[in-house]
Amino acid sequence: MTGRLALALLLLPAFTVPGAAFAAEDEVLERVVVRNRLFDLGGRLELTPSLGFMLVTRLTDHYTLSGDAAFNVLNTLAVEARASVAYSRQTGLARRIAQQFLQRDPVLGIERADDLSDGWEMRGSVLGGLRWAPIYGKISLLAEMPVHFQAFLSAGAGAGSFHRQSLVYCRQLVSRDDGTCGDWLTEDKVSGIASGALGIRFFTSQQGSLRFEVRDYVFPDSYLVNIDRVVAEAGGATGEPGRAGLTHLVMLDVGYAFTF
Amino acid sequence: MRWVLLAALAALTEAEGNEAAAPEAAAPEASPIPEDAEVVALREPTPEELAAQERAQRLVSGAPLYNPNVAVHIVQRKAFADGGKREVVLYPAVPQANGKFTQHFGTAASLVYHLHENFGLQVTPQYNWYSSDSSFNQELVDKVRQEGLAASTLLLNWGVQGGVEVTPLYGKFAFFDSTLAQFQVVLTGGAGLGSTRHLLRPAAQGKPASFGDTGNKFLGSVGGGFRVQLGDRFALRLEVRDLVYTARVDHVNGCSASELRQMRDVFDRLTREQLDAPDAISSQVAVGSACRVERFEGLDSERNESRAYDIRQALSLVEEPSSDVLNNVSVYAGFSVLF
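These protein sequences, in sequence, are chains S and A. Going by my numbering, 226 is the number at position 226 of the first sequence; the sequence numbering is gapless. Going by my numbering, 191 is the number at position 191 of the second sequence; the sequence numbering is gapless.
None of these hints come from the bench; they were simulated from the model. Since the structure is predicted, the reported quantities are computational estimates derived from the model, not experimental observations. Treat each hint with caution, since some may be false.
[As the list claims (entries may be wrong)] Once the Cα atoms are required to be at most 30 Å apart in a straight line, the calculated BS3-like pairs of lysine-lysine come out as:
| id | chain 1 | residue 1 | chain 2 | residue 2 |
| --- | --- | --- | --- | --- |
| 1 | A | K207 | A | K100 |
| 2 | A | K143 | A | K207 |
| 3 | A | K100 | A | K217 |
| 4 | S | K189 | A | K143 |
| 5 | S | K138 | A | K143 |
| 6 | A | K143 | A | K172 |
| 7 | A | K207 | S | K138 |
| 8 | A | K85 | A | K100 |
| 9 | A | K100 | S | K189 |
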């Protein structure tokens, strides 16, 4: 009896190993497509031109042209530098608010006013940071066309150039009835800026990928409060810096990354 | 006569047989093997060729994967099947993503019946437990005495919409090359009904805001997102949905502009003490049954003042009727159970 048991134990691997090997082969078929990366980025340089636009506009609107240079230290980690120039402007809503406010005679009401927050327009920025891409996957767009993708988070900081035109501080009234001003108070500044992004890239070849990202630019806001409109319209200096928070510019960025 | 026919038939058959036999007899003479022809011998396959043949016949998951003469298109088995299943989804947090003049936070649930693997029917009720004007709109009111048009600042209390859900794309991803997850791209579309309201007086000095009911509106919905499968029965969902509704403000609490004007006239005549009476307004106006005058009279215990103070603000909303098409884009993050 003991001899049979020993024989059975000896023969058991002979029956189980082929089965296990077969299962392992199925396992390979099931998983290898994702676990073996078709597109390796580690140790490679990439350059990405991109265009961006705002998802929700309030007082300002921005369109950005950006260039991103990144070195992929690992498949999942990259050091990146980013430079952007922006075409920015006040929205129609902002211009309408300013016009309607100016039509109100300060002598008849709202003699002192605070400027509105989030009125700064970004003209350009330079950022440096890190990109972390822990997710690599593949999706089947058509039966014979699997597309490999990578999702990433990006964070960085740098400096930006900004411009602001007040909505309540008019230094030269042209027409009260029409609400037109000949010289709105404008300001320019260079200040620190931080940025975070959540994105996804779809690989088109070993040399390129299409990138989509939602990017938030954050920078300190500032504006004047307690503005004496009568003094302002007479060309005098008035107002004091108010307590302002942070301005967020949330943009959708679309670009193509060239990998070398 | 019969014998004549049989004889003729027999003669014809014999002649055909001779014609058919003639080539066979002549064949060896037509292609003789030359005497100096090279001699060939049948060769036994080598062990390597035998192994290759055996390998070519081998089936992997039922497919001749190693057969060079067969093109095998591997369609990977979907790890989890949805067809015929039901799915209950809870979205605990549904924040509005595009709030300009309004801001909504809500909770939604969804019941999906997957008719087929990639197609299902869904119904989604949603309740916004916070719906008020945005901080941007409040800033406009505070600093420049302006605000968004009534129709643009309409708030969505709740909504129910039903429609279809399509999952055309299927994929998988690895997190740090170690954890494998299956996901689907989810597209939804539907139509339904939503209840709307409008801010009448904002919260101030510790008093809560007051709102006026602006009626039920038709809702349309489109959306898209991802569903990440967790085992056989659970999934995580992240979607963005756009609730589209036409907003026209011409009634507040069911009362039209002319009915609100009557109420305003009464309001102007009464003293503060008289306004606190429960029927201060309704006893002096003649309005239609749809107009809920009780919403504009009596003491509001939370604000500790008469509800009649809302009449002027309500009238200002409907005196110049405004209309807009609102897009309430929200992020739906939730989890689901399949059964």
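Right, here's what the structure says about each hint:
1. For the hint pairing K207(A) with K100(A), the CA-to-CA distance comes to about 24 Å; that is within 30 Å, so the pair holds.
2. Using a Cα cut-off of 30 Å, the hinted pair K143(A) and K207(A) holds, with the two alpha carbons roughly 20 Å apart.
3. For the hint linking K100(A) to K217(A), the alpha-carbon distance of about 20 Å falls within 30 Å, and the restraint holds.
4. For a cut-off of 30 Å, the pair hint linking K189(S) to K143(A) stands: about 24 Å separates their Cα positions.
5. A threshold of 30 Å between alpha carbons decides the hint, and for K138(S) with K143(A) the separation of about 51 Å lies outside it, so the pair is violated.
6. Under the criterion of a C-alpha separation no larger than 30 Å, the hint pairing K143(A) with K172(A) is inconsistent with the structure, at around 51 Å.
7. For the proposed pair K207(A) and K138(S), the alpha carbon gap of about 54 Å is over 30 Å, so the pair is violated.
8. With a C-alpha separation of about 39 Å, the suggested pair K85(A) and K100(A) falls outside the 30 Å cut-off, and the hint is violated.
9. Restraint check: the Cα-Cα separation between K100(A) and K189(S) comes to about 26 Å, which is no more than 30 Å; the hinted pair holds.
Hint check: violations occur at hints 5, 6, 7, 8; the rest are consistent with the structure.
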